[in-house]
Amino acid sequence: MKFWRLLIFPAWMTLMWSSVALAQDAPPTPLPVTDDQVNALARDMYCPVCENTPLDVCPTKACAEWRELIRDKLADGWSEQQIRAYFVDRFGDRVLAEPPPRGLNWLIYIMPPLAFLAGAYILFRAFKSWTAPASEPVVKDADSEADKSDPYLDRLEEELRKP
Amino acid sequence: MIADLGLGALAITLVVSIYGTVAAIYGGLKSKAEWIESARLAMLLTFPLISISALSLIYLLVNGHYEFEFVTRVTSNSMPTYLKVTALWGAQAGSLVFWSWLMSAFASAVTLRKWDRDREFLPWVIVVSLVTLMFFVSLILFFENPFARIWRMPDGQFIAALFQPAGGVLASLRDGQGLNPFLRHPGMTLHPPTLYLGFVAFVIPYAFAIAALITGRTDDRWIRITRRWTLIAWLFLSLGLIIGGRWAYDVLGWGGYWGWDPVEISAFMPWLTGTAFLHSVMIQEKRGLLKHWNMVLIILTYSLVIFGTFLTRSGVLSSVHAFAASAIGPLFFGFIVLTFVGSLYLLLRRWDDLKSEGTMTSLLSREALFLLNNLLFMGILVVCFWGVIFPLVSELVTNQKVTVGPPFYERATAPLFAGLLLLMGIAPLSAWRHSTAKTLGRAIWKPTILAALVGIGAPLALGIRSWAALLGFFLVALVAFVTLYEFWRGMMARRRTQGEALPVALANMIARNRRRYGGYIIHLGVVLMAIGIIGMEMFQKETQGTVPAGGSISFEGYKITYQSLSSFDTPDGRNVTRAVVNVEKNGKNVGELYPRRDFFFESQQPVTIPGVRSTWEDDLYIILVDWLPISSQGATFKVFVNPLVNWLWLGGFVFILGTLVAAWPDNEPELATARKRRRAAAPAEA
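Sequence lines, in order, name chains A and B.
So the mapping is simple: the numbering used here equals the position in the first sequence, first residue as 1, plus 17.
So the mapping is simple: the numbering used here equals the position in the second sequence, first residue as 1, plus 125.
Here chain A stands alone, though its shape is the one from the complex:
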């Protein structure tokens, strides 16, 4: 249990937070602008009309115009961050694939790891309360009882124990 707590949980929390930070900066784009450069940015953006369809694959005219807008901005030398900020200014936070980490939005990033840690703690406590003292001779009885509930497995396990 300790191993899990030490390794997995902090790693998970770090993973969750790290890429929020990583998504901030990108180098300026050289000219001319390729479709792939446009899509790299559009992939993590959403138009307010076509719900839950990323901008890079949305087939509507409105989204095609948005992609052209991204292309124009990239050609003008805007950075990815500037373009994102421009779209957020015009249409709100919902154009981003993830809520920006500020204010109430922090809840989305904090809640799942906290809930998981709480669950792990409850489970750990439950384990401790369930675990019988080592002196109790339950282990042997239990093995035989568990096996009795399934004679086939019993036979199988017995056979497997033979050299």
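All clues stand as given, with none of them false.
In silico BS3-like pairs for lysine-lysine, Cα to Cα no more than 25 angstroms straight-line:
1) B/411 <-> A/145
2) B/666 <-> B/710
3) B/684 <-> B/713
4) B/684 <-> B/666
5) B/666 <-> B/713
6) B/239 <-> B/157
7) B/563 <-> A/145
8) A/78 <-> B/526
9) B/480 <-> A/145
10) B/155 <-> B/239
11) B/684 <-> B/710
Keep in mind that the hints were calculated from the coordinates and are not lab data.
Once you've looked at the hints, dock chain B against the given chain A.
Coordinates of chain B only, in the frame set by chain A:
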């Protein structure tokens, strides 16, 4: 006439459901067998009644009765007959009828089982099933009635109403709007029915759980009775999710199978709790532990089934304001809260009676690892639930909508899925009740070394350097080897004891313990699916380019040459723009692909159908993005190379096969197990 029959049958269903509920409660409380029997017959009657209603609606759809608003909305003259039938679940009202139809089928099937040993459960199973059915039938009758006709009012306006409004004249429309183009796909003939079957089948174990709580039968009888129901529910839910993924891959034209869309997640959430439940009930059956937790899980699963239907049907996903404006949104919400709180109240009332019969003795025992598995499933559930409802919370609090997209879900769930794979590799080797690091280590070191060689060594030799991919492949290999090792150990044991040839040993071994080996086959299915998912998530490549006719895009060993483009209308109301591209791989011609864009006139909606060349190594997936007015000047293509994606679909087949093996009926398995238990208990008592 037919419509009146359908409407009448639906109204009678509601009356019968109300009667059945009251009779069951009265019979259950007063122990009056004749009232319970009457309630049972009432529940049995709901299926033929809703069948009349559903078949009437299908008749109206197939025969183009456009005086009905629902028919107009989902069908048109140009649609083939099979699509007119599947249009039943093409919009809200019809899909609620379909949901109720399946629900009544399961409820009626339950009444036909042998109730001799479980008579006390019967009234309460009827109450839970009929209350659920009653809720859905009420929604149909009073809020989303597919039998509402279109009336032309004196002021020229059209309104939909069940009965003729004053001054209204029945509108005679000659054609309908047609089905949503995205739903005109073979996958859509199977995806909703399987998903709905999964949803409604989970009502049955929930009904038995509630019956156990009400009657105070705190043993694991309710679990044993519903084991097969649960597996069937899980089978259909899994199948629905897999078919949905395939449909998305074929129709949605974004190169993937799962977009972490709230609608997808709403079907995934009950699957998560259902999977956790399937694992944790084994602990209760084997060890008499986790009685509370199993109740919580089945209550959660039922609530998530209703919640999933609510999410997709209430309009709440578009906006919380749309939810408030819709008639059925608040009702759904109320029903979820009522059933959830009611279930928890019953659980708390019986809390002390549900004490565990044994204790946990080792943190590495099978039951302890199953509990960790439950924790991970719950972790994924929290991520999904919170991700889906957070935009609503944000809109309510700050009046600003936010999007929670794939990056959030992928980052948050990937470590949890990896943890599940690890447990899938370890747990089969740990023993029930008592397992130590030493015994477990002795069992696992060989598969681990083999997995490291194959899962890490081979990809490294192939030039893969991504640590996440290497970890993924290692875990996948570990699960595969441990599972295959389990099969091997069993087969060798049978060969030694029974002298059977290995294939016979394998068949007999699976036949004699379908649940265990069905489960292992499911694990192998997960392994194959995980290979596909790792391939797609970590190695998918894409590019986009505009090329003139005769021009090429070279990408990842492929050379895609744009040859021609044609545009034509089809009799079913589409304009199809279809490109012909030639594909070469490593200099060798491998054929033509035809990516196209269908524009549906009725709905003014485009649908992108990719051209796909599919192999075990990868899929070449080409989308026609755009084209210039004079097509010879050029067209824009988006090209995906999707490595290993076919392993995902193969894994899906294996997964379903394993579930079928596990769910295949035995001869009264619960009776046989009970006999075994009694025999085992007899010497102890003596």
